[in-house]
Amino acid sequence: AFAHVSSEDMVHWKWHPTTLTPVKTGHGMFSGTGFFTREGRPAIIYHGEGSGRNQIAIAEDDRLEKWSAPLALEPTIRPGQDASKIAHWDPDAWWDGDSYYALSGGSPGSGKPPTLFKSQDLRSWDYLGLFLSRDMPDVQADEDISCPNFFKIGNQHMLLCISHNKGCRYY
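Under the numbering used here, the first residue of the sequence shown is numbered 1, with each subsequent residue one higher.
Think of the hints as simulated: they come from the structure by calculation, not from any bench. Incorrect hints may have been included.
To be verified - Each computed DSS-like pair below joins lysine-lysine, with the alpha-carbon atoms no more than 27 angstroms apart:
hint : residue 1 : residue 2
1    : K118      : K152
2    : K112      : K166
3    : K166      : K85
Unchecked claim - Label pairs and their computed distance ranges (CB to CB):
hint : residue 1 : residue 2 : range
4    : H12       : E49       : 28 to 34 angstroms
5    : W13       : D126      : 36 to 42 angstroms
6    : W13       : P79       : 47 to 53 angstroms
Quick caveat: nothing in here was measured; it's all calculated off a predicted structure. The C-beta atom is built at its ideal place from N, Cα and C for all residues, glycine as well.
Starting from the given sequences, assemble the full structure and let the hints guide the process.
Okay, structure coming up:
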């Protein structure tokens, strides 16, 4: 379950009701991140423990106490794509240009390396393929990406993540 607190002054904090629970979602909730929809609504993407998929929920109020039913990230697999390599763990998501992107963490050692997806509506997702290229500087065969956060800084992008083998990393 995810809980949250809020503050108007960063000193005094108010606990909000915990509404994202297995009773509401139908599964547990592991690592994930928050992002804004194209309409400016807060949303979260997380690993739906027990569901076998990453899940997305969208806030239905400004206090973040009411949430949509979870939407499973079920990618469309095109001919020639290897669905067996798709990881479903530690996701990140963001809006860029006219599309949503979702990054699912992963580990080549598990046979499920980090993968990338694209959507126009948060419901229909296309599998774009592997996220990291092995010819990138400092990317090694045993690199894993957990708890990723991918974001733009100026005209470049940064990937901040945890590697179980190497600790906190950024590219």
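Which hint numbers doesn't this structure obey? none
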